[in-house]
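If you're matching them up, the sequences are chains A and B in order.
Using the numbering used here, read the first sequence as starting at 5 and increasing by one per residue.
Using the numbering used here, read the second sequence as starting at 3 and increasing by one per residue.
Any given hint could turn out to be false.
Said to hold, decoys possible - Under 10 Å between C-beta atoms, here's a sample of chain B residues computed to sit facing chain A:
(1) Asn21
(2) Ala97
(3) Pro108
(4) Asn273
(5) Ile374
(6) Leu432
(7) Ala437
(8) Thr457
(9) Ala458
If you're looking for bench data, these hints aren't it; they were derived computationally from the structure.
For every residue, glycine included, the Cβ atom is placed at its ideal position computed from N, Cα and C.
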Amino acid sequence: MQRIQHDGTGGSHEADESSPFAPQTPQEVESMLSAIGADSVEELFDVPEAVAFDGEFDIEAKSEFEVVTEIEDLLGRNADRTEFLGRGHYDHYVPSVVDYLSLRSEFLTSYTQYQPETSQGFLQALFEFQSMIVELTGLDVANCSMYDAATALGEAAALAARVRDTSGSRVLVPETIRSERRSVLENYADGAELTVETYPLVDGNTDFDALSDRIGEDVVMVYAESPTARGTIEERLSDVATLADEHEAAFCLGSDPVALALLEEPAAVGADIVIGDASVLGLSASHGMGLGLFAVKEGYLRQVPGRLVGTSETADGRRAYTLTLQTREQHIRKERATSNICTNQAWVALRTAIHVASLGATGLSSLAEECVTRAAETAARLDEIDGVSAPADDRHHFREFVARTERPAAEVASELADRGFLVHEVGEYEIQVCVTETNSGEVDDLVAAVEEVLA
Amino acid sequence: MNYRQATWERETESGEAVNEPLLSEKRTETVTHDDVDLPDELVRDELTLPEPAEPEVASHYTRLSQMTYSVEHGPYPLGSCTMKYNPKFIEDVAALEEGAIHPDRPDEDAQGTLAVLHGLQEYLAEIGGMATATLQPPAGAAGEFTGLLVARAYHRSNGEDDERREVIVPASAHGTNFASAAMCGYDVVELPSDEDGRVPVDALEEAVGDSTAALMLTNPNTLGLFERDIEEIAEIVHDAGGLLYYDGANLNALLGRARPGDMGFDIMHYNVHKTFASPHGGGGPGAGPIGVVEELTDFLPDPHVRETDDGSFEFYEPAESIGKVHGFHGNWLVLLKTYAYISRLGDGGLKDTSAMAVLNANYLAERIDLDIPYGPFHHEFVASAGDVDAAEFAKGMLDEGVHPPTTKWPEIVDEALMTEPTEALSKEQLDVLAAAFTAASEKTKEELAEAPTTTAAARIDQTTAARNPRLSWQDVGGDDE
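Next comes chain A alone, as it looks inside the complex (with noise of 0.2 Å):
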């Protein structure tokens, strides 16, 4: 085998054989492999022959100006369109505050706080995030740790089906659900041998009739939305709640944070789960990066998936922060884990608490109200062009709405991103607009291509 030729010299400028980012100096590696007794770092390696690697990858180096500029030069064949996109995923403005204090080295660079006496400060932030979220649902316990709102419904529906009582099979979730988030839900369904039916809403509200002929006592898990899919607030969460606790099935309810700040509170309606994703305040777009909000009545606090962050005291006397209740994690129960969580998204939690901490109470309730004003606005002002009709459910509205188009609607999406502007298209004669404070200056210019398109 060939002799590494390991060159520490940092190569920031140039690329080079070895890694940049290995301090080794020639020197060295030859003092340490005499300390060690070996003449090669390669004899180091105890890989049988018939199965070494003796190929190239054909990934060529490259400098950090090569690597960027290239990245650069990728990520600007992204179109330069305005987004009216939400359905699930939301673009708010982050504050400047948030990049800078989380990108501190000591938060993006630490690990799980297995050793609590050194890692306090993460695990207050994560505590205080949990607290944040346990003030908006009501409800007793939040964790730490779900990748995004899709992969939390999966584990409350896992949870359900543990905490009942009786075997059941069945989990409910409204039509509108995101096929995608569905899917996710159907995925983990199926490890805990359940199966996912939908019940139909009525002009965006569940339709309350068809969701009792639904029920049964095998459903183990009502799932609502609101804001659903199509931007609109359930009317009925409480009726919801009490059918799902007739039939002994947990009701889940997924949200925001920052509807929650606004919406009557899911504990005051019934709920026994929220999921959702948190990071619609702390992360902006990422193409659909997430964090998971999961918070839980007490009674369900064993079951929780994921990490949680409680209060103990040290030695001398002073409040302290650990992580706890380890033993429902996988690395003590194994196969009896309540989830296989282990890496989670713990930065991302600490950028939202942040967020939520520099908009605090007023802020982020005026950014809740704000998203039902401008989704009003909008909506009312689309409604006024000849061959839209629009909220198409006449309900109230979060963020976003449903309207329907004289016009095909793949014809108008399409005619509309040729003046750049981006909107979903949900139905035959169906777009839906998002409308946040990072878009909300171009609201004119969009109803005048709608106008155009339409005309």
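Knowing the structure of chain A, use the given hints to seat chain B on it.
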């Protein structure tokens, strides 16, 4: 070197001693929504949350950061977790505005993002010796779950799903392997280690059969040992009709030296946040792409990326896709950082990474005067604290200004100290770490019981935290005891 962590001491209004008050103990505000155009019954009565001004937010989180140990403070030798230095330029790449797009954009509007995803699929396939890789799983354990869903879909397509209900996992495997298999509905068969710390081939032969769906294997394993019989192991599993799954947690030890695909593995996951670059951020985010051999590509999650005849890229749904394992496209920022990191290193840098990681581990092991029962090892080793409790030993190491290794695991070594220095530590840092091992081993039982004294918090009572769970600031203060 003796690092002492910053401490911030205060008393709260209720007289409780704390490091730094909770945001809720500083200032909160209760707001009501009187003016919003919604029916009262849809609106919450009130919301109470902290209301700090930006300078207070900055101070609070700066203080919290100072009470958090990180890779850039010093050694962080957690075994199998590969806590290495992360180059700074990848953060700049991740911050590029052009990459911050909505996941529902049509393909033609996201060609740059798709080009990066496609490039990374190719890189990972090459590095793993696989046909292609899907990037959707948001963590290594999510990759395991995805990989086993693919295995199950494969057996289903052969009409064998009903009989192949077992996944074999060695005792020394990560706990996630067991949990992931259980989440897919599989029964887990645990395989003991032989006296060399490796998978016993004869026991494996007995364990496999018509009910075997897959064997999950880490190689090098959690003791840092290469499973030398891998060819025979692969043959046994394949002859029985099972699939071989590679847990990529220790891939950092093998980059460019051996590829899972060449060893006979059918499915693997990559912990790109360990092997390549993405800071662990207090526990994540990571990403756990999985690679598969040609025969399994049709089962990959929806969507996958491919290049079309005109050189553009598109998402498509593989023919017999298992569906989705993440609501959108996975942890994009982590994937972008991985692409940047691999591009920076190239062939030579990747190979050098493993070479230096293995050199560092062997050098460190040489410098530590504790029993290291197995070998030869690759980028990590498991020392035994002997008659000292490994968790106590770790507290003693904290006082030497370093982060201790993973303790008490794997259970096959008494009082295990599972240590992985990575390539990122200099010889000087390795010597500091070795000195910390020595210092801890010279401490008396009483001295260990009083450690740590150089951290922001003294020894924390974790039993009370579990017995009396207080999990939010709503539970703190007052008379809840």
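Verification of the supplied hints:
1. Asn21: 6 Å, holds
2. Ala97: The hint holds - B:Ala97 has a Cβ within 10 Å of chain A, the shortest such distance being about 8 Å.
3. Pro108: Holds. Min distance 7 Å.
4. Asn273: It holds, given that the least Cβ distance between B:Asn273 and chain A is near 7 Å, below 10 Å.
5. Ile374: Where the cut-off is 10 Å and the nearest Cβ of chain A is about 13 Å from B:Ile374, the hint is violated.
6. Leu432: 8 Å, holds
7. Ala437: Check failed: Cβ of B:Ala437 comes no nearer than 15 Å to chain A, outside 10 Å.
8. Thr457: Result: holds, 4 Å to nearest chain A Cβ.
9. Ala458: OK, holds: B:Ala458 within 10 Å of chain A, min 5 Å.
When the structure is compared with the earlier hints, violations turn up for hints 5 and 7 and for no others.
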